[in-house]
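Student: Read off the chains here:
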Amino acid sequence: MAQAPDIQAKRLSKAQLEANFANLHAPLNAHEAFVESDRCYFCFDPPCMKACPTSIDIPLFIREIQTGHPKSAAKTIFDQNILGGMCARVCPTETLCEEACVREHAEGKPVKIGLLQRYATDAAMADEHPYGRGKFSGKKVAVVGAGPAGLACAHRLAMHGHDITMFEAQKKAGGLNEFGIAAYKTVDDFAQREVDFVLAIGGITIEHDKALGKGLTLEQLEKDYDAVFLGVGYAGVNELGLKHENSKGVEDAVYKIAALRQSKDLSKLKVGRRVVVIGGGMTAIDIALQSKLLGAEEVSILYRRGREHMRASAYEQELALSHGVAICEWVMPKKLITKDGHAIGLKIEGTVMKGKKLVGTGKTYELAADVVFKAIGQTFVDMTAGALALEDGRIKVDEGKRTSRPKIWAGGDCVAGNKALTVAAVDDGRRAAESINTFLRGSHHG
Amino acid sequence: MADLRTDFVGIKSPNPFWLASAPPTDKEYNVVRAFKAGWGGVVWKTLGEDGPPVVNVNGPRYGAIHGADRRLLGFNNIELITDRPLEVNLQEIKKVKREWKDRAMVVSLMVPCEEESWKKILRRVEETECDGVELNFGCPHGMSERGMGSAVGQVPEYIEMVVRWCKQYTRMPVIVKLTPNITDVRKPARAARAGGADAVSLINTINSITHVDLDSFAPMPTIDGKGSHGGYCGPAVKPIALSMVSEIARDSETLGFPISAIGGITTWRDAAEFISMSAGNVQVCTAAMTYGFRIVDEMKSGLSRWMDEKGYATIEDFRGRAVPHVTDWQYLNLNYIAKAKINQDLCIKCGRCYAACEDTSHQAIMMEKDGKRHFEVMDDECVACNLCVEVCPVQDCITMVQQTSGVDARTGREINPEPANWTQHPNNPMSLKAAE
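Chains as they are written, first to last, in the working numbering: chain X, 1 to 446; chain F, 1 to 436.
Don't read these hints as lab results, they were simulated from the structure. Possibly wrong hints are sitting among the right ones.
Pairs of lysine-lysine residues, derived as PhoX-like cross-links and limited to a Cα-Cα distance of at most 20 Å, are as follows [as the list claims (entries may be wrong)]:
#1 X:K407 x X:K140
#2 X:K407 x X:K50
#3 X:K248 x X:K264
#4 X:K10 x X:K396
#5 F:K349 x X:K109
#6 F:K369 x X:K50
#7 F:K27 x F:K95
#8 X:K270 x X:K171
#9 F:K27 x X:K50
#10 X:K248 x X:K270
#11 X:K396 x X:K419
#12 X:K50 x F:K95
Derived contacts from chain X toward chain F, CB cut-off under 8 Å, selection only [as the list claims (entries may be wrong)]:
#13 D38
#14 Y41
#15 C43
#16 F44
#17 M49
#18 E99
#19 H105
#20 G202
#21 I206
Note that the Cβ used here is the ideal one computed from N, Cα and C, for glycine as well.
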């Protein structure tokens, strides 16, 4: 354990890196889309549609592909989910629509709904924007946060004829679509292309480097706008609560994932030879797998319960395992081992369920590591100074995503009950926009 | 091991699978490939009169409709009879027959409706030592405009007349190929028999336009912006052919008249069905044109295995077994009660049965039970129409179960074990009441 940490760039050739970070799944070509769309049974009261957080009419859009109109299919998708392009790439379909597909039940081979959605949305996004902006209502709405929730909300509001100003803390719009999603899931700068696609409806302007507590206050927004939507996501990262957590070599997975996404030259990114990831969600899988793809030799995910309890789907787990990532279940980090202010390993303890409680077994071992990633969840940081009612630590909203303040709506990761998926954020944004529109139209006439 | 040999009007072949008169039998090369692949016989593509050869279009000749995964379901053509010189065809027929003595070699013919024309061609065909001739009275496109093909087949008197000439000028068996583009297929079949024909073969193709090109608004296949109807065949026409074969098989005037069945035969099962409907053999075209000659392997082995399993040693052992089961609607037993039953272990919960029944039929299927997605037939509404069975994507998931006792939940009537049909039904004004 006394070895110096081995962290360096260029573990792999440029060609190898390029291949590793190419599309995880190649898009369907026209023939494949035709064959696949033929498999849909056009179910009654379709289970796939019920499983979709944005309730896309999946059998209808597949039938539209099958009958030769992928752009109509895209319209069916966009009507419910304007970020249908990204969702086609990042949705955990294996736990949503494709898990519900009756052909999964029948043959263990669901219709490839995600890839068909990608086929349709790709066809449409090469074309002109499919929606027109509604006649100007005279109303102005502020949307804070240009992530999936904010973009979906802004687009729907623009359809209804309102003027929208978006405020974004980062230099780029897109939120986690731009900064939080594994690079191999969204190649060719898709997140930015999708932002451009959404904004093409018109009536939406974005002001960057602005956020609550960074030039914006709720009170001022309420004064300046007819309604406000907050799609501010998670700002915080959970801590392990171990000593030496600030040592070099201990990193937050989300920041590394963002760095990977923003990197223009992957061969310049440093990666450890031995990487340990702590956590059991998609973020843990994403950072573990991407470390491996960058050339890390040994990558282990440590999870305190069994694989069946991980938030990452079985499919995602398989993906990591098939790339040579080890998943160690029923273990927890006990102590960070450091040398000269740098992490060089972990002391790990086995875990077991005692009744309903997870406890250590007392059996420990040491695991050498050059880098330790924390991927144990993110948290909502309340920048409204208690102005909004919270529920389970996130903003409390009603069915229409309205907060405790009548002119303020919220959606996405920052609201209570949200499933922390892109698709769930989009659904919040759309619902909020409809509620805001009803409110604005009502007050307009009243 | 079942014996697949057949003797059809004296023409022997090692199995009942013949290639129908069509592009696959237009020349020596194809026919030899077919025989090598194991086909029992061929009907050589229709020969016409000696003289300037027939001219075909130089654009597309075929159209089709497709099912899932572009499975070819229906096929259409506007090709004419052979466009090769008569002499070349005759020489090849003679050569191939000599080299393949155990296979059936029948030659299809189509010449103008004149005695001299038939006399002339029959003499030349006989010299090839082929096993028989088939009169093409069925082709519905091109040749029919010139008074041949289906133009003859649609007039029973012409059929009888031409068949008489043929029987007069040749000792070879004469098979008459019938067109389905008529109202009652029994009439031309009776005419063929009256004229002395040895057998009929059916069906030839059905008038069809498969598509309209929505850019040019021309029927497809399109030749320079125009299209004309073609002849339809392939799996889609099998039910029509099977029905027509059954009509001839059970008509008192054509009872026992040999039939060579044609129409969408694609698998051993199709062949077994046609033979059970009294066909002495079957002719195949579209399946071969779709998949190549090798499909005959599956046809032979499949038929053979099925016969072994059923204990049929020869084709004759089951030939015609379906005929007595074909009747008129009025004789169907109205006291027979069945209900659809959904096998819950096989059900994949797609709900297609529900949509079909609820939207278009009898509202006899429930879609929820104890708050869960669940599809089940309600006997008190089910008329046993079979729609749910046919739209279910899982084979044998929904079946029709006969109710043999108790009360029919839909009508409240006791099941009557005695059969009774429409001719005896009180609602039938024509029903005969016994004199009291």
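Student: Each hint should be assessed against the structure and marked as holding or not.
Tutor: Status of each hint after checking the structure:
{"no.": "1", "hint": "X:K407 x X:K140", "result": "12 Å, holds"}
{"no.": "2", "hint": "X:K407 x X:K50", "result": "31 Å, violated"}
{"no.": "3", "hint": "X:K248 x X:K264", "result": "24 Å, violated"}
{"no.": "4", "hint": "X:K10 x X:K396", "result": "46 Å, violated"}
{"no.": "5", "hint": "F:K349 x X:K109", "result": "15 Å, holds"}
{"no.": "6", "hint": "F:K369 x X:K50", "result": "18 Å, holds"}
{"no.": "7", "hint": "F:K27 x F:K95", "result": "11 Å, holds"}
{"no.": "8", "hint": "X:K270 x X:K171", "result": "24 Å, violated"}
{"no.": "9", "hint": "F:K27 x X:K50", "result": "59 Å, violated"}
{"no.": "10", "hint": "X:K248 x X:K270", "result": "13 Å, holds"}
{"no.": "11", "hint": "X:K396 x X:K419", "result": "14 Å, holds"}
{"no.": "12", "hint": "X:K50 x F:K95", "result": "68 Å, violated"}
{"no.": "13", "hint": "D38", "result": "4 Å, holds"}
{"no.": "14", "hint": "Y41", "result": "5 Å, holds"}
{"no.": "15", "hint": "C43", "result": "4 Å, holds"}
{"no.": "16", "hint": "F44", "result": "3 Å, holds"}
{"no.": "17", "hint": "M49", "result": "12 Å, violated"}
{"no.": "18", "hint": "E99", "result": "13 Å, violated"}
{"no.": "19", "hint": "H105", "result": "5 Å, holds"}
{"no.": "20", "hint": "G202", "result": "34 Å, violated"}
{"no.": "21", "hint": "I206", "result": "43 Å, violated"}
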